[in-house]
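Enquirer: Now for the letters of each chain:
2 protein chains.
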Amino acid sequence: MNPGDRVRVDRADRTYEGVLLPSSTDERLVVKLEGGYNVGVDREAADVSVLAEDVYEIDGTDSTGPDDEAGSSEIEFDDDLPTISLLSTGGTIASTIDYRTGAVTAQFDAEDVLRAVPDLAGRANYRGRVVANILSENMEPPIWQDLAEAVSEEIAAGADGVVVMHGTDTMQYSASVLSFMLETPVPIVFTGSQRSADRPSSDNVMNAVSAVEAAKSDCAEVLVCMHASESDDVCALHRGTRVRKNHTSRRDAFETVGAEPLGDVDYETEGVSFRRGYRQRDAVDLSIEPDLEEDVELLKFTPGMDPQFLDVVEGSAGVVIEGTGLGHVHTDLIPRIEELIENGTTVVMTSQCLEGRVCDRVYDTGRDLLEAGVIEAGDTLPGTAKVKLMWALANSNDVEEAMGTSLAGEIQERSVPWE
Amino acid sequence: MNPGDRVRVDRADRTYEGVLLPSSTDERLVVKLEGGYNVGVDREAADVSVLAEDVYEIDGTDSTGPDDEAGSSEIEFDDDLPTISLLSTGGTIASTIDYRTGAVTAQFDAEDVLRAVPDLAGRANYRGRVVANILSENMEPPIWQDLAEAVSEEIAAGADGVVVMHGTDTMQYSASVLSFMLETPVPIVFTGSQRSADRPSSDNVMNAVSAVEAAKSDCAEVLVCMHASESDDVCALHRGTRVRKNHTSRRDAFETVGAEPLGDVDYETEGVSFRRGYRQRDAVDLSIEPDLEEDVELLKFTPGMDPQFLDVVEGSAGVVIEGTGLGHVHTDLIPRIEELIENGTTVVMTSQCLEGRVCDRVYDTGRDLLEAGVIEAGDTLPGTAKVKLMWALANSNDVEEAMGTSLAGEIQERSVPWE
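Chains A and B are the protein sequences, given in the same order. Read in order, the letters of the first sequence are residues 1 to 419 in full-length UniProt numbering. Read in order, the letters of the second sequence are residues 1 to 419 in full-length UniProt numbering.
Hints are supplied without guarantee of correctness; some may be wrong.
Unchecked claim - Capping the alpha-carbon separation at 16 Å, the derived lysine to aspartate or glutamate pairs in EDC-like fashion look like this:
#1 Lys32(B) with Glu53(B)
#2 Lys32(B) with Asp5(B)
#3 Lys32(B) with Asp364(A)
#4 Lys32(A) with Asp5(A)
#5 Lys32(A) with Asp364(B)
#6 Lys32(A) with Glu53(A)
Worth flagging that the hints you see were computed from the coordinates, not collected in a lab. As the structure is a prediction and not an experimental result, all values here were calculated from the model.
Input sequences plus hints: build the corresponding full structure.
Expert: Set out below in structure tokens:
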């Protein structure tokens, strides 16, 4: 049994089939499944049989062996091209690329990238790095911190732009939190795929190519680059703090809430253009503040909500409430919220309407919430407010001031006058 | 001190100013505040002073006294016009109408309606009824049941259509739950106001007029009628189960999610038109199933969520999860969810994407959730799924079947092919 063999792995509860990858230890097998995900299996607990030998050519980590079909064992560094770092966290788009090992923190190089997406050739010099290999619903604050550190290291090492390959489920949360953690002199562009590479309708190639073009642009912000429509013509560039996955399956699921996207990438002309003002390349120096207060929750209020949910957040550092309308909850909950605040929990109000600002000065309920000490987050999206509160509690001396101020485009100018 | 006097009420914690209304008991004062809301005050606990006598003419409940400025003491019933019942639950729009008493269950008649919104004259014969007078963030399942009973009684008494005046914060939840509780042979049209009547930009008149026109139409469904744009030209008619307040303050905040509105009302021509198929007037007989299982929660999953939230719903009858993407949560939560289901809690999956169907057959996480016994709700909106689950647990023999079936338009045909 050797790396590259097609194997079946029988465990007590489940059977996998896939290609055996090289592994750093003999105790653990790493198998690449059909969908592209890698699964790690404890060798002792599994029954493994070889289905076919040597079905897949695995590059040696020393690159001395025979190489892929193109026959080019080295991609030359081109001084005329920018260097783009591709960081992978997992998800459908990452499964396109065959990492040479199943381990997290594995490196991958230009060859791996170009074998997976040949259209990327000639656009940049590439560096690749695996930060995580998870389904994005399993994203957690410590991985955000690893990702921010990795992005920062790549920029410090000279990357002219960074592309983060990420599952689409939680991309908006990750793009938001990195917007707060990092001041960046170069573009940091998240991209992903709503359909895997084995489907005719896959969006992975166009999204990857467009993300690289965006990472070469002069917009030094955290962006999300995904299909702008169901056609393969334009990718939209969304500000990381204002983007939301608004459809479960469409390729153009990602939208900027409450505004047009910041810009777009024309797939045919490769032109990147922006509609509004943005922070330009090299406008700020690289800096990183990756600390997060993890003990922050998001609570969505709906009619009939059990007040016990407020008991769960008792003692928490912070809670973001997704209220109704201008930022309301049942008035019976207000004394309990006041108590939480008196006991040291920071409570921030957002709206489940998603668009528009909360404004708790209009109705009695809102005024009572403000009197209780609730902090308004303007039109910050609830998910963005959650990760911002995690960040602000760990990094800001004045959390109320921070939550009411736009630090990374998360609060928009009032687009609709109140009257 | 008499009804109609302008008074100041000082309580331990707060001072009110407003017009004293007639009250059914001497122990309780009812004061109409500037914003239009009524507040009830325990007489013993309050210090009341008259600021000005007889500032407001209060109609006697026997209608024998002198009447309003128009001098018409009776509005004649017009055989050629349909009869529309106006039910009020409170909210900004209801504050337009001066009820003759501050009590819930108060009646109001055509005169009250036409004094408040003269543009309603000549469109219908009106009956009026106060079901509740609450801020809509305080909406609760028992009030939904009262409202359904009241609507049913009005239809049984011969109303050709019903208009429900409702605060906008939770209108979508109320319209949804009535869609499940009632089979109706006539239109039931919710309307409200995003700006109160004392503002130049108020939307209350156009919304009320358009709702009455919709209530005269042949669409025998539960609808929401609100501004379709920022202009005063067209109101959109949304199916009650698919509508969402998508902006905190705009007059056109309400949108049908994942489709065009079902129809609209042209304010100038008064024409009501529909874009798609709908249930027609008299297609079904009136019936009501108002039972609700109140012990149902909605839980929004976000990265870093404390698993303790699942402990709160332990023993609950049901919980709707607002998952990521196609309907996912962190895989660490799945064993706990399985345990909940084994202990009798019905767990339903929806998506925080809002548009698009959940589909847990695509990725491992989803398949594990299905194996654990989670029920998929198609593209039912999370809030609609919560009230539907409340209803289904009380009225359906097969809750899984019910949650996967469109009972009132809450699950749409697949509008976007999967590939």
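Enquirer: Would the hint linking Lys32(B) and Asp5(B) be met if the CA-CA limit is 16 Å?
Expert: holds, 11 Å
Enquirer: Between Lys32(B) and Glu53(B), does the CA-CA distance stay at or below 16 Å?
Expert: holds, 15 Å
Enquirer: Is it true that the CA of Lys32(B) sits at most 16 Å from the CA of Asp364(A)?
Expert: Since the Cα atoms of Lys32(B) and Asp364(A) sit roughly 14 Å apart, the hinted pair holds (cutoff 16 Å).
Enquirer: Below or equal to 16 Å on CA atoms is what counts here, so check Lys32(A) against Glu53(A).
Expert: holds, 15 Å
Enquirer: Lys32(A) and Asp5(A) were given as a pair; does the straight-line alpha-carbon distance stay at or below 16 Å?
Expert: holds, 11 Å
Enquirer: For a C-alpha distance cap of 16 Å, please report whether Lys32(A) and Asp364(B) respect it.
Expert: Distance of about 14 Å is within 16 Å: holds.
Checked against the numbered hints given earlier, the structure satisfies every one of them.
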